[in-house]
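Enquirer: Below are the chains, spelled out letter by letter.
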Amino acid sequence: MHNILVCDDDKAIVDALEIYLKQDGYTVYKAYDGREALKIIDETDIQLVVLDIMMPGIDGLLTTVRVREKYNIPIILLSAKSEDTDKIAGLNFGADDYVTKPFNPLELLARVKSQLRRYTQLGSQEQKTGVLKTGELTLDDELKEVRVDGELVKLTPIEYRIVKLLMENLGRVFSIDSIYERVWNEPSFSAENTVAVHIRRIREKLEINPKEPKYLKVVWGIGYKMEKY
Amino acid sequence: MAIKWKNIKYSFVTKAVAVFLVWAAFIGLCASAVFLGQYGHQLLSENYYDTNKFKSEFSQYVYCAVDYAVTLRSEEHIRSGYTSALEKEPVDQPKQAAGELTVTVLEASGQVLSDDGEEPSSEETADDSDVQAAIERDVARFRELKRTLNSVVNFEYIVLNRDTGDVVTNMDSYKEAGLEKTISGLKAQSLYLHISENDRELSSAEMQYNFNDLIDRFNGTPFELHAAVKAPLSPGDVFYATGEEHGRARSLIPVFSIIAALSLLTGIAGFIYLTATAGRREEGGRVALSWIDSLYNDVHTMLVIIVAFIPLYVAVEFSQGVSNIATWAVTFILLSIVFLICLSYILSMARHIKNKSLRRHTLIYTAGSAVLRLVRLCFSSKTFKFTVLVFLLGYGALNSIFFLILVTAGGGPSFMAFLILVALNLASLYFVSKALISVSRLMEWTKELSKGNLDYSLDPRSMSPAFAGFAADIGNLQAGLRHAVSEAVKGERLKAELITNVSHDLKTPLTSIINYVDLLKKEKNENETVKGYIDILDEKSGRLKQLVEDLLEVSKAASGNISVSYEGIDLHSLVLQAVAEFGDRAAAAGLDIRIKTAEKASVIHGDGRLMWRILDNLLTNVVKYSQKNSRVYINIENSETHGIITIKNISEAPLDIPADQLLERFVRGEASRTAEGSGLGLSIAQSLAGLQGGRLDVSIDGDLFKVSVSVPLAGVS
Chain A
161 MHNILVCDDD
171 KAIVDALEIY
181 LKQDGYTVYK
191 AYDGREALKI
201 IDETDIQLVV
211 LDIMMPGIDG
221 LLTTVRVREK
231 YNIPIILLSA
241 KSEDTDKIAG
251 LNFGADDYVT
261 KPFNPLELLA
271 RVKSQLRRYT
281 QLGSQEQKTG
291 VLKTGELTLD
301 DELKEVRVDG
311 ELVKLTPIEY
321 RIVKLLMENL
331 GRVFSIDSIY
341 ERVWNEPSFS
351 AENTVAVHIR
361 RIREKLEINP
371 KEPKYLKVVW
381 GIGYKMEKY
Chain B
9 MAIKWKNIKY
19 SFVTKAVAVF
29 LVWAAFIGLC
39 ASAVFLGQYG
49 HQLLSENYYD
59 TNKFKSEFSQ
69 YVYCAVDYAV
79 TLRSEEHIRS
89 GYTSALEKEP
99 VDQPKQAAGE
109 LTVTVLEASG
119 QVLSDDGEEP
129 SSEETADDSD
139 VQAAIERDVA
149 RFRELKRTLN
159 SVVNFEYIVL
169 NRDTGDVVTN
179 MDSYKEAGLE
189 KTISGLKAQS
199 LYLHISENDR
209 ELSSAEMQYN
219 FNDLIDRFNG
229 TPFELHAAVK
239 APLSPGDVFY
249 ATGEEHGRAR
259 SLIPVFSIIA
269 ALSLLTGIAG
279 FIYLTATAGR
289 REEGGRVALS
299 WIDSLYNDVH
309 TMLVIIVAFI
319 PLYVAVEFSQ
329 GVSNIATWAV
339 TFILLSIVFL
349 ICLSYILSMA
359 RHIKNKSLRR
369 HTLIYTAGSA
379 VLRLVRLCFS
389 SKTFKFTVLV
399 FLLGYGALNS
409 IFFLILVTAG
419 GGPSFMAFLI
429 LVALNLASLY
439 FVSKALISVS
449 RLMEWTKELS
459 KGNLDYSLDP
469 RSMSPAFAGF
479 AADIGNLQAG
489 LRHAVSEAVK
499 GERLKAELIT
509 NVSHDLKTPL
519 TSIINYVDLL
529 KKEKNENETV
539 KGYIDILDEK
549 SGRLKQLVED
559 LLEVSKAASG
569 NISVSYEGID
579 LHSLVLQAVA
589 EFGDRAAAAG
599 LDIRIKTAEK
609 ASVIHGDGRL
619 MWRILDNLLT
629 NVVKYSQKNS
639 RVYINIENSE
649 THGIITIKNI
659 SEAPLDIPAD
669 QLLERFVRGE
679 ASRTAEGSGL
689 GLSIAQSLAG
699 LQGGRLDVSI
709 DGDLFKVSVS
719 VPLAGVS
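One line per chain: the protein sequences are A and B, in this order.
Residue 161 is where the first sequence starts when you use the working numbering, and the numbers rise one by one after that.
Residue 9 is where the second sequence starts when you use the working numbering, and the numbers rise one by one after that.
Hints may be right or wrong, so weigh each one.
Dumping the calculated DSS-like pairs for lysine-lysine here, alpha-carbon to alpha-carbon at most 30 Å [what the hints assert, rightly or not]: (1) B:Lys553 <-> A:Lys241; (2) B:Lys503 <-> A:Lys247; (3) A:Lys377 <-> B:Lys604; (4) A:Lys171 <-> B:Lys539.
Derived, one-sided and incomplete: chain A residues facing chain B with beta-carbon distance under 8 Å [what the hints assert, rightly or not]: (5) Asp170; (6) Phe263; (7) Val333; (8) Ser335; (9) Gly381.
If you are wondering where the hints come from, they were derived from the structure by calculation, not from laboratory data.
Note that CB positions come from ideal geometry on N, CA and C, so glycine has one too.
Only chain A is shown next, with the shape it has when bound in the complex:
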């Protein structure tokens, strides 16, 4: 199926990831430092790399830079550092996603799947008119369909209208009241929790990790916005 390279200086983690990935039917190549990883990528047809940042010798960030010199394959970084600055640095070096240790194996698998889908399928997808898109999130207003990484997401009519409002105004922050007024078409007196609760549900459907959303982001104390990619 797909060839995945897992690289970490901790053998136990590599072995555990191998088990998970093999269960899902991927072929796993293992490396324990950056040099080995680069060698395997050069020698083998690898579709995705899971890469630890803190490694002896050539570390994860440098390896990412080297890989990007030749290849377009998705790279998911693993790190014990959870600070935002570390994540931003990793993504700027050319990585596609970032997972902090200790991670939930299921979340990692979901991210691997997402990246592979984008890498292998989306490129061939034709762009239809009337389709709103940000990152791998698409909304087809004709079909009333919302897809993440090409997979259909089931939304209620209210949820769909909220997503549509936000995707029509990518990057713009909507307050709870204004969302309510526009979606429900009535003035907000005491919207209470309705909007916030709906958005939490939408996030749980769209996002791999709702607590660290990629698309539908919470601007605390102000409102919500759809991230523009």
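Dock chain B against chain A, hints included.
Expert: Same frame as chain A, now just chain B:
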């Protein structure tokens, strides 16, 4: 019983009674003293005839008799005496007359005495009217003496003129009994006096007067005096009266002696008791000084002397006057006042002695030690330079000298003195203002230091030399502070780094644990025990993960190692969003969350991300520790300067921990620490609130747990 006695011993009532007793004793002593003072000398002699009073009375009557019988003799003699004297001895007469008149001085009033002084004037003028007046006076006196001598009952005398055989006497028995018998009768009396030329016979050897002057007057005269006092006194004259008084006084002696002795004993005993217990409220307790003790001891002494002696003087003055009830009462009151003042003074001194402050608590001592301190300060030179004092004195002296020259000299020297004065004062003005500027700079510096501005510095060259050392000291202080602060900052940073590194190092092995536990769970396994173990591993590894993340968080929050990006945050939206995130978990716990919003929108100046983390921690606690199926209240309100979120919930487990302890790290509401959680949530929330210039407060009322977060409102500086 012993305790009771001690209580009584030091009680106020006992002391008051003792004061009263001592006062009574004092009054008794005074009365005895007055009595004994008045009658003491009489009481020494058992017999009335031995008393001085009797003797003086007797001698007075003797002089009366001599004047009457020898000097004046008769009215014809008086008149003839003056005329013959004027004729025969014109020069000596007045002297003679004066000599005769001196005898009268002993008995007569001051009016007679003044005649004595006027006599020399009659020496020259000596006209008839003066002589006539003198004669009239002597005649009057002669009559008075005669009346006195005849009225006396107990004094008897005979004056015998040996030449003429004339006899002058007040004895009625003379005519019947004859001369010899009468004289022998007189001799038989207890006090008998016989005076003739060159002879004197006195039955009592201890007479106050020796009558030598009488003997002189009897010289060359044919007169002879026999006088006596009757042995059993008969009533009717001064001898009888004073004799009676003497007897009464003597009978009172034992009474007054007993009073005196008792008073003395009581007084001494009471006094000893009072001085012993003065200033003590209990056995061996602290010395309690009363308000009167705050007076300086020497001042107190002076005051007492002045205050006590005025009434004493008045009392003495009064008691010497007429004795009636009023004067006695006044004297009594005044003496009592004096006594009480003196007693209070003595007791005050006693308290000071016990307090070991008799010497120290004096004006002289206090003033002396103050002067001594000043002198020491001047010469110890460390804090106060003696030279400064010398400069000051020298400056004053120079100024006064030149001013004196300016005023007195005039001309050239005066002008010179004026110039020097101006120069001197300008120079001192310059130096003083320089010193004052230095002081104000130093004050400014220390003010900056106290504000925490450790980088403020001062040019040492601008300092007056007098304050250079002081400036250097403050500089050292600043350097020390700066060092301490940088050490503290470094230490805090090292600690934060250490915790970060440890957390990161913990995370990698933890990843493996979580992954393999997950894999274990997926393995086919029929063994229930193993499944149970795996569940425990799963739960604990999850807890470990939470702990590590919280630890990292708390170290960052506490060290302020978090960047804060401020924006306007609507608290209502924030709370709605946060509660929405907890919607499922709250529902699972059966919690009914009620949100109450302020009328006015609460827009705070804060970081939304940090505010979410605060609410995340607080709501996690709410979901975790609340009583199932209870209500949770979230109130949003505004103070003048802050927006406040208050969360109230009912704790499931009893909260037997003080509220402030809950805010400490690793402390959790329940003692068993079984529920998941690190005990860092509140501490992190508090730190994050502090980072945004706000605060977090926790209060516990029974099972009601209340936490409030206040953050500055936007638009409020």
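Enquirer: A separate judgement is required for each hint: does it hold in the structure or not?
Expert: Hint check:
1. B:Lys553 <-> A:Lys241: 13 Å, holds
2. B:Lys503 <-> A:Lys247: Holds. Lys503 of chain B to Lys247 of chain A sits at ~24 Å (cutoff 30 Å).
3. A:Lys377 <-> B:Lys604: Roughly 26 Å separates the two Cα atoms, so the pair holds.
4. A:Lys171 <-> B:Lys539: The hint holds at about 26 Å.
5. Asp170: 6 Å, holds
6. Phe263: 7 Å, holds
7. Val333: 11 Å, violated
8. Ser335: 6 Å, holds
9. Gly381: 3 Å, holds
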